[in-house]
Structure formats: C-alpha cells, structure tokens
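Chemist: Read off the chains here:
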Amino acid sequence: MGMWSSLRGRFSLWVGKIFGRRSVKIGIYGPPNVGKTTLANRIIRDWAGEDVGVVSDIPHETRRVKRRKDVKINVDRSSIKLDIVDTPGLATKIDFRDFLSYGLEEEEAKKRAKEAAEGVIESIRWLDDLDGVLLVMDATEDPYTQVNITVIGNMEARRLPMLIVSNKIDLPTASPVKIIEAFPQHTVVPISALKGNNMDTLYDGIYEHFR
Amino acid sequence: MAYTNISGEKMVRVDMISEDLLASMTSAEKIRMILDGVIEGKILVLERGLMPEEEAKLIEATMVEISPEFVGIEIESYPAKERRSLMDRLFGRTKSQARLTVIGSPNQLKTIKKDRGLITALISEV
Ligand SMILES: Nc1nc2c(ncn2[C@@H]2O[C@H](COP(=O)(O)OP(=O)(O)OP(=O)(O)O)[C@@H](O)[C@H]2O)c(=O)[nH]1
Ligand SMILES: [Mg+2]
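Keeping their order, the protein sequence lines are chains S and Y. If you count by my numbering, then the first sequence holds residues 1 to 211, one letter each, in order. If you count by my numbering, then the second sequence holds residues 1001 to 1126, one letter each, in order.
Simulated from the structure, these hints should not be mistaken for laboratory data. Do not rely on the hints blindly, as some may be mistaken.
Unchecked claim - In the DMTMM-like style, the derived pairs of lysine to aspartate or glutamate whose C-alpha atoms are separated by at most 20 Å in a straight line are:
1) Lys1057/Y x Asp46/S
2) Lys1057/Y x Asp128/S
3) Lys93/S x Glu1069/Y
4) Lys93/S x Glu1040/Y
5) Lys72/S x Asp131/S
6) Lys1042/Y x Asp95/S
The shape of chain Y in the complex, shown without the other chains (with noise of 0.2 Å):
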C-alpha cells in the first residue's frame, strides 16, 4: 500500500519512532506496532534497536501473518561491535541494544547499505 499527496503522486511514509516512545512501550506494543506499520506499507525507523527476545518475538509474530499478500519484513540494524558505546564501556554494560533500526517490507527496502555510522536505504520506486 502506498500513500499519495495531495498532487496525487505516490511516496513511501517513514515513521521515526524515538527511544522515549519505545521505552514507554511494553514488547507486545512495540512488535504490534512494527507489523502494523509494515502492513500498512510504512518503513519504520527505531531509534534504539530491539532486545535479542523482541527480535525473536517479533519474527515469529510475522510468520504468524504470512500470507500470499504478506511475505513479512526486512530488518537492519547495526553491528554488535559498534553498539559498545562509549556509555557502555562507562557502565562496564556488555551487551546494549542495536542503535538504530530499519525495518519494512521486503519489496520496498530493496537493499539497505550499513556503512560505519550510517545506514542508507534504497527505497524502490512506488
């Protein structure tokens, strides 16, 4: 699904959902929210990445929703190794969560390139 404005061309939405948002959320709110979104045709870009747990419960909530209409989402986040942050090595926290986090559908994330601090999504034409 894709949204037009008001010349009638066609875009693609990109919700940026902050970390106090996502913070204030319980882990069933958040993968609701995430499959909503893709369903509903946005890209959705998390502003503190998911805990290992979510991850799994959220792939698994997809699964649930395959369908010949839903082929499921495309997830990018960053390395582990970047995710130390200089906050971490303070605290003496080993594992955080990924920093940021792209996730769409399939056909519209065609590719998401990782780069040292930057993540780039090519988003197809719609």
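Chain S with its partners taken away, still in its complex shape (with noise of 0.2 Å):
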C-alpha cells in the first residue's frame, strides 16, 4: 500500500512536471515560534513579493492553515513551482495561562488555546495532502522533542522527502549542531529566516529535495 501510494505519488509528480502546471505542495512544520511564518513570508517575498501571514513572538499565532498557491523557485537555470502551506505550531499540551504572561486577558487567552488546539488538529490533518516538508526548528531549543520526532516519523512512512531547517542561527545561543547530531539520517540547512541567511542553500536544498 506505502509502496504503491507512493509511486503514484511519484508518477503524478512527474506527469505534472511534464505538463509543467502542477505545483509542488510543501508544507512548513515544526513547534510553536519557531519561525515558520517567518520563513513563509522569506519565501515568498523572495519569489513572489507579498507577504502571507502574521509573526509574533507569542506562540500559537498561526491557527489555521494558509496556502500560498505557485510561488516560483529559480535555482541556476532550472525551476520548481511550489504551493507554501503554513501550518499552526504542533503541540502536544497547550495551556491558556502560558498567554497571560504576554498580556494577554483570561478570556483572550482561553479562545487562544482553544483555536491553538484545532489549528493543530488541521495541521496533523494536512500532512496527508502534501508532497513534501520543511520541518523548521529552533536551532537554541533541544530539538529532540516528541513533535519533531512525529513529524519525521510520519514523514518517514509516508517516504515523502523533507528538509530540516535549523532556524535563528543570527542568535548566539544557536547550536545548529545538535540538530544535525539528533537526526544524522536528515538533511539539516542552517538559516536565519529573520535576518535572510543562507536562504540560497536552502533554495538548492529544496529544489534537490521536492522536485
């Protein structure tokens, strides 16, 4: 069954590159904050010159789901044609008084969590739909957590491809390095999507990976 889902996958990729209208849809993954939206937004203003979504420092900013359709990649003289989907931060417990250290009232906060808690739910629910991931994390926080360890898994048996980006390496406590050591069988790209480092690896990164 993986087997043949995938080689279908396979197929209609490659029928859709022949016929060069089918975009590739990437999904951005990973934990709350760590700069997902951020790295959509660098994506897309890079390829596309707009922005898609909200950045803020609280977690849980993004709860639903957003799909930026045939946002063109050029790497040397080739391209690739992708669909970003911006996905809510994964999460495994989500607790409204975590918010009201932001400021955030009571009631605010309780709506906060209670949309934090569906956006996960359509995020898990969209990795059936998709070609392939970009599974961000914060390259200063352990990245040896069980929402990471879920997405690679499924990722895995589902053998879509995925890119690991290691994410706020512009900070000095980053440690790209332990996330390279934690998933030696990956892929790791080292970037800054806030400051724009090393966006170009990550572009020859994802035409390798998800063409």
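Using the hints, put the two standalone chains together into the complex.
Modeler: In structure tokens, the structure reads:
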C-alpha cells in the first residue's frame, strides 16, 4: 500500500512536471514560535513579492493553515513551482495560562488556546495532502522533542521528502550542530529566516529534494 | 488528580504497559487508554512506543480534549538512532518503534531526562 501510494505520488509528480503546471505542495511544520511564518513570508517575498501571515513572539500565532499557491523558485537555469503551506505550530500541550504572561486577558487566552488546539488538528490532517515538508526547528532549543519525532516519523512512513530547517542561527546561543547530531539521517539546513542568512542553500535544497 | 495510600499520603500511580498488551490493542484502544490514564493523573510507561501514525492520532485526540482543566500530555521516547536494535539490523528493518515511552500530564512530569538507555522521570510533588 505504502509502496503503491509512493509510486502513485511519484507518477503524478512526474506527469505534473511534464505538463509544467502542477505545483509541489510543501508544508512548513514545527513547534510553535520556531519561525515557520517568518520563513513562509521570506520565501514568498523572495519569489512572489508579498507576505502571507502574521508573525508574533506569542506562541500559536498561526491557528489556521494558509496556502500560497504557485510560488516559482529559480535555481540555476531551472525552476520549481511550489505551494507554500504555512501551518499552526504543533504541540502536545496547550495551557491558556501560558498566554497570560504575554499580557492577554483570561478570556482572550482561553479562546487562543482553543483555536490553537484546533490549529494543531488541522496541521496534522494536512500531512495527508502534501508532497514534502520543511520541518523548522529553533536552533537555540533542544531538538529532541516529541513533536519533531512525530513529524519525522510520519514523513518517513509516508516516504515523503523532508528537509530540516535549523532556524534562528543569528542568535548567539544557536547550535545547529545539535540538530544535525539528533537527526543524522536527514539533511539539515541552518538559516536565519529573520535575517535571510543562507537562504540560497535552502533554495538549492528545496530544488534537490522536492522536484 | 492524585491517589492516596492507606495512611492518606499522596502518591503518583505509574502504569507499566507491556509490549504484549500493546500488541493486542488497536490504535484507537491504545490512544483512549493513554488519554484516559493521563486525565486520571497516571503516568504511563509503554514498553514499546507508538507508530508515527499513532503518535499523530494521539496528538489529535489530545487536542480535542484540551480545556482550562486539561492542558495536554507530555511524551518522551528514545532517539531514533538508538531505536535500531540488533534484531532490527539482523532483519534489515530500518524503522522500529521506540523502545520505551513515558507519558503523563505536563504538570506531573516536570522533567524527563534521557540518557543512554535510561529515562529518568522527575515527578513533581503531588
Ligand atoms: N532571531 C530570530 N528570530 C526569529 C527568526 N525567525 C523567526 N523569529 C522570531 O520568532 C518569533 C516567532 O516567529 P513566527 O514566524 O511567528 O513563528 P511560527 O513558527 O510561525 O509560530 P506559530 O505560528 O505560533 O506556530 C517572532 O518573534 C519572530 O520574529 C530568526 O531567524 N531569528
Ligand atoms: Mg506562524
């Protein structure tokens, strides 16, 4: 079954390429606050000249999946067309009390927690409809979390391509090496989505892995 | 919710779930058992971890239950590289389930330390 669906996936990707119209659907996944929307915005700004989503230092800012269709990325003399899917941050726990320290009122915090939980469910459901994933991690944090393991396990089980993005390398405490050591079987690209560092390497990686 | 012993002291209940029991359960049963256990205040130790698809379903089911009273779960399991046992290698299996998984409420499982072959759960006072 897995083999068949993987073959079918490849076949439709190939047909799409021949006719040059099918975009590759790439999900941007990861825990809250790692910089997924910042990265989605940067990719879309670099290649389509606009923003998609709101960025904030309060976790669970993105609570609905957002798709920007047909973003064409040029690499060398070739190109790849992507649908960029920015997803709500994945979590195994959501406590409305955590939002109070950001100055939210109790009712607002409770509403945010409920929407955040719904957002997680939507993110997980989208895993079934993607051609590949950019798994974003915050390079200043411990990479070995259940959320990261679950995303990686699901991509492996579905035999779908994945790139790990080690974000926030502009920060002094960033340690992309930790991420590389934690997931040695995967390609890790260290970037700063905020500053735009190393984006060319990421675009090369996207072209190599998802085309 | 905490348990008390005969002398009225508060205690944490830890349920060890064997590989055999897990193998006899469907995914839906495992997920229900885990969530109900955590909601009751138990800490669960699974001898064999969940499949990636089950982990995703567990997160989904957890999110359905989120409320001001239930803030979710904490899960810890072994790293992937340590998951490939000798048996896996002999049989040429690349993916196997995690060996040991600890699940509990985030408030109870304050910190879980992972070291080579050892998981130490620091359980907060109840
Ligand atoms: N220093 C630094 N900060 C970053 C970088 N990328 C994102 N941030 C900051 O991290 C915070 C979270 O960024 P978002 O893009 O909203 O994160 P997200 O992953 O989309 O978060 P959710 O939508 O809540 O899941 C914001 O304050 C960003 O400015 C980076 O490369 N370096
Ligand atoms: Mg976001």
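Chemist: None of the hints should be skipped; say for each whether it holds.
Modeler: Each hint tested on the structure:
1. Lys1057/Y x Asp46/S: violated, 35 Å
2. Lys1057/Y x Asp128/S: Holds. Lys1057/Y to Asp128/S sits at ~13 Å (cutoff 20 Å).
3. Lys93/S x Glu1069/Y: holds, 12 Å
4. Lys93/S x Glu1040/Y: The hint holds at about 16 Å.
5. Lys72/S x Asp131/S: holds, 16 Å
6. Lys1042/Y x Asp95/S: holds, 19 Å
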